[in-house]
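Chemist: Here is what each chain is made of, one letter per residue.
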Amino acid sequence: MTTASNTQSTLVTKEGKSLKEAITQANKAARNRALLLVMPLLIFLILTFVMPIIYMLIQAASNEEIPNYLPNTVEAIASWDESQSANGLPDEAVYAAMHKDLVAGRENRTIGKAAGVINRSVPGTRGQLIKSAKKAKKMEPPFKEALIADNPKWAELPFWRFIQRESGAFTINYFLKAVDRAYDKEGNIVQAKESNRVYLKIFLRTIIMSILITGMCVLLAYPVAYLLSISSVKKANLLMILVLLPFWTSLLVRTSAWMVLLGQQGVINETLIAIGLIDDSSRLSLIYNATGTFIAMVHILLPFMILPLYSVMKTINPSYLRAATSMGSHPFRAWWKVYFPLTLPGMAAGVILVFILAIGYYITPALLGGAEGIFISNLIADNMKGTTANFKIAMALASILLIGVLLLYWVFNKLVGVDRLKFG
Amino acid sequence: MALAKHAGIEQRIWHYAFLIICTLIFLFLIFPILVIIPLAFNAEPYFTFTEKMLTLNPDGYSLRWFHDLLGDADWRRSIGNSFFIAICSATIATGLGTIAALGLHRKEMPAKGLIMALLISPMIVPLIISAAALFSFYARVQLTNTFFGVILSHVVLGIPFVIITVTASLSGFDQSLIRASQSMGANQTRTFFKIIMPLLLPGVISGALFAFITSLDEVVLVNFLASAEQRTMPVKMFSGLRENISPTILALAVILVAISVALLLVLEGIRRRNEKLRGMSPS
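Line by line, the protein sequences give chains A and B. In terms of the working numbering, the first sequence opens at residue 1 and continues consecutively. In terms of the working numbering, the second sequence opens at residue 1 and continues consecutively.
Be careful, since some hints might not be right.
DSS-like mimics (lysine-lysine), calculated; alpha carbons at most 25 Å apart, straight line [claimed, not checked]: (1) B/K107 - A/K234; (2) B/K107 - A/K314; (3) A/K193 - A/K153; (4) A/K414 - B/K107; (5) A/K414 - A/K177; (6) B/K276 - A/K20.
Keep in mind the hints are simulated off the structure, nothing from the lab. Being a predicted model, the structure only gives us computed values, none of them experimental.
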């Protein structure tokens with residue numbers, strides 16, 4: 001019986017394939033079926049969400065203006081090295097390229113825009129560019145002498161340093177602006193002028209406010225989650241409605257409710273006056289400042305803290321606490337040493353979730369924050385639309401915020417796991 | 001929670017202090033939502049309780065703000081837009097999300113964690129960032145200022161909810177039911193419709209409702225992606241709140257609260273039915 005010894009060494013299926021091979025094949029088929037089900041959504045999300053995000057990150061760092069307006073100069077200036085020549089100025093080839101760009105810029109009317117862009121970073125160059133462009137057609141080579149003779153500013157180094165720095169396909173310019181940094185005349189990165197420092201302050205405020213809001217949410221959520229976890233199921237379900245109703249009520253409704261409550265002529269102020277606690281002249285300013293944003297955001301984000309805390313507390317066996325106290329521990333000590341550590345996973349989940357949601361908040365600070373209660377999201381929005389908008393800065397700010405949020409999301413995923421997110 | 005009979009005075013004080021604190025926190029949660037309801041029926045254009053309201057005089061109350069809201073063609077159109085966008089986007093998100101959740105649930109699925117994290121990410125990325133990204137990209141492919149673009153963006157927002165609810169109901173799914181069905185001669189299609197679907201349906205419906213309410217409430221993306229033609233109810237409400245808050249907005253707010261309450265009741269009903277179906281005692 002030779003076949004018998006054969007099957008003993010390698011098992012064979014009915015079709016005559018080795019079993020190992022058949023199993024691998026079946027696994028592969030199962031894998032492909034699973035992938036096939038996920039694929040439509042994955043492709044959809046990549047096209048409608050992931051690609052826009054990547055596009056934004058690239059756009060925030062891409063440099064179009066100078067390479068578009070001065071294509072020849074950008075090419076010629078790449079090899080310029082300040083320390084190689086006597087006075088540090090670029091050579092004739094660069095000036096000739098600039099001359100070519102000036103003539104072209106005047107013909108297709110882009111020189112004004114180019115001058116505007118350059119003038120923003122190297123003040124006082126608008127006239128130099130526009131006036132020289134006007135005369136450029138009549139200039140004779142060598143263009144280095146011709147341009148400098150026309151305007152001595154063509155011999156200034158900061159201008160050329162700027163052009164060289166901004167000639168690449170990518171720039172960190174907008175990111176620098178987003179963190180209140182700028183180049184000085186020598187091309188070093190320094191703090192921006194005091195009047196231009198806006199973003200770092202708001203970034204810092206966003207982080208501090210988010211920490212305060214998260215802290216307050218922990219303080220308020222802890223007792224409530226505890227009460228829910230020790231109540232009977234029936235009672236807990238009833239109390240849960242008080243948590244879930246605000247959770248599922250429109251964000252705008254909750255924000256407008258706080259506007260009604262906190263306003264100068266709002267319910268709180270009117271009530272305090274009616275019962276004589278404050279007079280009409282000393283109404284509390286609870287709205288259009290950081291206080292308003294704080295109160296409303298704690299209210300809005302509180303359920304996100306209660307739910308994960310509750311789901312962890314529910315699983316803690318109450319006999320642990322009883323065991324500790326029966327062995328002579330003071331109730332508080334027992335709570336601190338036994339109960340509290342067991343709730344930490346839920347707390348971590350809630351803290352990260354609330355913090356992530358808080359730093360990206362836009363609607364509530366926009367409506368209740370006034371000037372001193374706004375968050376970084378509001379500055380992103382201001383830079384997207386309106387008269388003072390600068391979309392590149394909006395994208396740079398959004399990119400920085402996104403990187404922060406994704407880092408936190410990664411930590412959340414490591415600690416908690418996204419698959420454990422639940423509602424209600 | 002009952003206090004033990006032998007509890008000492010110190011424990012009693014702690015216990016009642018704890019209950020009072022909890023009551024105050026619950027009040028903080030629910031009071032702002034309750035307070036706007038009577039104010040929406042205020043006969044005067046104020047945001048405070050008038051004397052007539054406090055004495056429960058019927059003259060103090062009126063439906064004028066609701067008439068204002070529903071009588072205004074602009075408001076009516078934005079409410080219509082909202083429902084149209086929410087229904088379309090919830091339907092697409094539920095379809096794509098349910099199929100994907102079925103795949104994600106299989107144990108042969110490769111890179112499960114990574115894909116899951118990616119599918120949930122629209123919920124985590126701040127809306128203003130999504131708005132900046134979608135605005136720049138959709139403008140490039142000419143999807144801004146179209147209903148299609150707005151609906152696509154809301155499908156993206158709804159997907160995490162569908163994925164979470166459907167995978168949650170799949171995780172409690174007893175796989176042996178499928179084997180039982182197949183061993184008794186049912187083919188795959190029949191097993192899907194007779195066994196998998198009924199058990200999955202609660203998760204799918206909850207996901208759809210979450211996706212629907214998310215879209216119905218969304219301001220930021222529509223604000224940047226839509227023109228006046230696609231303007232939705234929350235966007236109009238948002239700009240109204242920025243300029244000057246009028247009682248008409250409170251009337252709308254009350255309608256929205258009613259929708260949330262209805263939604264919550266449906267979800268609770270689904271949860272109870274689901275527990276019964278799985279043979280657990282309804283709690």
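Chemist: Give a verdict on every hint.
Modeler: Okay, the hints, checked on the actual structure:
{"no.": "1", "hint": "B/K107 - A/K234", "result": "36 Å, violated"}
{"no.": "2", "hint": "B/K107 - A/K314", "result": "29 Å, violated"}
{"no.": "3", "hint": "A/K193 - A/K153", "result": "23 Å, holds"}
{"no.": "4", "hint": "A/K414 - B/K107", "result": "20 Å, holds"}
{"no.": "5", "hint": "A/K414 - A/K177", "result": "33 Å, violated"}
{"no.": "6", "hint": "B/K276 - A/K20", "result": "43 Å, violated"}
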